[in-house]
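Student: Chain by chain, the residues run as shown.
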Amino acid sequence: MRYNSFTEKLKNYFTGLGDRHAGSRRFLCWSYKQLSSITTSVYLLGLMALFFMVGTIFPQGGSIDDYIKEGGGFVFFVKLFGLLDFFSSPLFLILAFIFFLNLAICTYERLLVLQESPTFPKSYEPTHILMLAPDFSNAHSELRNAFAKLKFKVVSKDDDWTVVEKGLPYKWLTWLYHLGIILCFLGFILTYLFSFEGTITLKPREAQTLVPDTTGRIQSLWKDKTGQTDFHLKLDSFHTEYAEAPELDFPKDKLSRLAIGLGWKSPDYEMKGESLTAKDWRAKIKVIKGSGTLAEQTVEINEPLEYGNYTFYLLGFEQNFRLSVEDNPILLEAKEDEDIFIPGLGDSIKFGTFRSGTLYKLDGTIEMLKPYTIVKHTGKDTDEELGRIEPGAIMEIDGVNIKLVEVEESAILSYRYDPGVGILWWGGILVLVAMALRFYGSWYRIAYQVTDTASIELNIMTRGLGSSSTKIIKSLEKHLPITKQS
Amino acid sequence: MSSYDLILSRDSYLLAFELRLFWSITFLYGLSFLLFAFHILSRTPVLGKAARTTLILSVIAHTALIVLRTFEGGRAPFQTLYESLSWFAWSASLTFLYVSRKWKDIHIPGVFVTVLAMGACLYALLSRSPAVEPLAPPLQSYWFEWHVILAFFSYAVFVVSASIEATYLGVKPLIGRGAEAYGFSSDMLEDFHSMAFKLVLFGFPLLTFGIFSGAAWANEAWGRYWSWDPKETWSLITWTVFALYLHAKAIPRFKGLPASVINIVGFICMMMTFLGVNWLAKLLGVPSLHIYAV
Ligand code: HEM
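These protein sequence lines are chains X and V, in that order. If you read the first sequence in our numbering, its first letter stands for residue 1, the second for the next number, and so on. If you read the second sequence in our numbering, its first letter stands for residue 1, the second for the next number, and so on.
For the record, the hints were derived by calculation from the structure and aren't laboratory data. Just so it is clear, CB atoms sit at the ideal spot from N, CA and C, and this is done for glycine as well. Treat the hints loosely; a few may be bogus.
Computed list of chain X residues with no C-beta within reach of chain V, every gap over 10 Å [stated by the list, open to error]:
id	residue
1	Val211
2	Lys289
3	Ser324
Derived pair list, reagent style DMTMM-like, types lysine to aspartate or glutamate, alpha-carbon separation capped at 25 Å [said to hold, decoys possible]:
id	chain 1	residue 1	chain 2	residue 2
4	X	Lys279	V	Glu190
5	X	Lys361	V	Glu190
6	X	Lys254	V	Glu220
7	X	Lys471	V	Asp191
8	X	Lys265	V	Glu72
9	X	Lys279	V	Asp191
10	X	Lys69	V	Asp229
11	X	Lys361	V	Asp191
12	X	Lys272	V	Glu18
13	X	Lys370	V	Glu190
14	X	Lys79	X	Asp65
15	X	Lys474	V	Glu72
16	X	Lys279	X	Asp236
The task is simple: from the sequences and hints, build the whole structure.
Tutor: This is the structure in structure tokens:
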């Protein structure tokens, strides 16, 4: 294979510079040669796999203090190589960069090779020999016709051997998916350099401006220039869907599980307590500027809103409870499952998740939930349930009247800016399509010659799982009076 | 009886039936494994045939189990770890039966496939919850379904490839010294071995799509297509190792034993992706702050 074109150019360039640069010239040419070799990529792929492994062993994203506190070992190396943020560490980035160079150089060099017209050997080692019927004449033209009928094209011909081809050009497909991987890499690089993310909590019916408090690695060089967005977000409505989910009474110990398998025991579904699980959340979001609405979408998990350069995802919700104690006009505030100390009660209580929305019941019916939450007495180990309360209702707890005045549901959105996603998509699609065609498709190159003894010698080369030399021989048998094959 | 009681007792009954069937299938996989193992030890072809017949029976029963589970859950049956372990055992066994249908007398790879199928089923039955529960909102995505279907299909294919590879490595020195009792002859050994390569060729695009659809799903659900989660990272390791294998096959120096070893390493990485993401950390005594919820 010819992996030298660029090396030649480099050589010429440095030769022009004179002897002073002979060392650098030799080093650069050597590096380029190494980086254009598939053997190097085998070693680099192995190293990449090992480096990835390191990142699965050490907890990524944790702080070194926590790591030491948890009793983690190898502290010296962890600090030296940045193992707790390994995929952003210089060591990993350098390897990834070298690998990227290897891939890019190989792909470039291979393009040059593919553009050259192919050369064919003078002679071939036959993989199959077909005997023709003794009275059969004109084997040459019949064979040519047979291959033509099977849609083969002649690509080379000399006095002895004729070479025919058919199928998907596998070398180009291989090349294309390597190019796709390069595009993916470029996507990763853009993400690494430019992406950032954060969360924003949208209160109902209040327009809010997005002011990112982080920026990507590159933007941080001029951080003060990334400011707030010029549009506002408004949460129009928030809706939750619940499903009734019975609990399964099922043993944890292995023997009892075996007993169930033997039919000695039975598992039991039962409805306990609330038995509700959230099936879906939907937030209707408007993007507004001045008095105009620029965009409007119901955002769900798996259905984000894309606006400007940002994508907004629904992460979850936050509930704020407002209550008055003994008609006191000063309202107390609490969040879901957060302790509130009630004056006069000498104890704290908490509110469970506020339930409102649609309920999909076990029997297949659907109903609107009458909004409620469960009030609990905070205990040392477990909480004691005091009962349900609806908005506007009053509950008496140990002689103290507590009114749930209002519940406010906010949507928690995460936002992300990531210019790498688009190119990654195109790269990924290219990889998949080219790879599928290369691996599942078929390609044949057949060299044949008719010998004096009325036999045909064939050298069949196939690529792709869809190809099969037996299939080709069978097809040839349909068109030619073949008596025997070996 | 109220309609609720009726529904609950119907579901409990179905689950009890499912679990009994699942245990019986596990027993059949175990029996098939033992027969394959005795076939290897005793060199008796008839035991190999019996093992294969038992495996066919377990796969038929397992197909029924998967249909039952789909009916119980009203959704695709591979979305919790309990379900995906069962799916894994079934798909690996089915792939093995399909791939090996032409080798009349070769049974050895079955021993690897059945021990894995049995192990996966036992793990599901003994350690995971079989409850049919509504899916968490992030899992309700087409990307997720395709992600699981294709990733598991590739797993099944890699299992069979590794079992052929291991058989090849074990049998090769026995050619001319008893390998015939296992159905091998010197002129077909390489043909048998080439199946391991073909299977990786078949599985690699599936794994690629599995990873790509996983990233697309994460991008849609959380806005970040890659977060270096241990499970994600292991899938990338598996992918890298199989890419390494395919390259090694193109280099004369590596295409023999080194490539065979890499194929088996790829299989081990795949198992790590599937099950054991933090074994290595535990082995080295590194605390795992990152808890992956399955
Ligand atoms: C993530 C990185 C890579 C992946 C996933 C990958 C994947 C593959 C696969 C699956 C094949 C074999 C099937 C085929 O012939 O189409 C292949 C072949 C090839 N790869 Fe890569 N590759 C990667 C990186 C590289 C790099 C860095 C080089 C640079 C030398 C390279 C050079 C080649 C060559 C020359 C072939 C053709 C071998 C032959 O002629 O059969 N690849 N690659």
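Student: With the threshold set at 25 Å, check whether the alpha-carbon distance from X/Lys471 to V/Asp191 stays at or below it.
Tutor: With Cα atoms ~17 Å apart, X/Lys471 and V/Asp191 stay inside 25 Å; holds.
Student: Between the alpha carbons of X/Lys69 and V/Asp229, is the straight-line distance 25 Å or under?
Tutor: Distance ~22 Å between X/Lys69 and V/Asp229 Cα, so the pair holds.
Student: Measure nothing beyond the straight line between the CA atoms of X/Lys474 and V/Glu72; if it is 25 Å or shorter, mark the hint as holding.
Tutor: Status violated; Cα separation ~48 Å.
Student: Confirm or reject: X/Val211 is not an interface residue toward chain V, with every Cβ-Cβ distance exceeding 10 Å.
Tutor: Since the minimum Cβ distance to chain V is about 18 Å, X/Val211 lies beyond 10 Å and the statement holds.
Student: Do the alpha carbons of X/Lys279 and V/Asp191 lie within 25 Å of each other, as the hint requires?
Tutor: 52 Å, violated
Student: Are the Cα positions of X/Lys79 and X/Asp65 separated by 25 Å at most?
Tutor: With Cα atoms ~11 Å apart, X/Lys79 and X/Asp65 stay inside 25 Å; holds.
Student: Do the alpha carbons of X/Lys272 and V/Glu18 lie within 25 Å of each other, as the hint requires?
Tutor: 23 Å, holds
Student: Given the hint that X/Lys279 pairs with X/Asp236, test it: the Cα-Cα distance must not exceed 25 Å.
Tutor: Cα-Cα ~20 Å, so holds.
Student: Holds or violated: X/Lys279 with V/Glu190, Cα cutoff 25 Å?
Tutor: 53 Å, violated
Student: Does X/Lys289 clear chain V by more than 10 Å, comparing its Cβ with all Cβ atoms of that chain?
Tutor: The assertion about X/Lys289 holds, with a minimum of 23 Å to chain V.
Student: Holds or violated: are the alpha carbons of X/Lys361 and V/Glu190 at most 25 Å from each other?
Tutor: Roughly 59 Å separates the two Cα atoms, so the pair is violated.
Student: When you look at the beta carbon of X/Ser324, is every beta carbon of chain V farther off than 10 Å?
Tutor: Since the minimum Cβ distance to chain V is about 34 Å, X/Ser324 lies beyond 10 Å and the statement holds.
Violated hints for the displayed structure, listed by number in ascending order: 4, 5, 6, 9, 11, 13 and 15.
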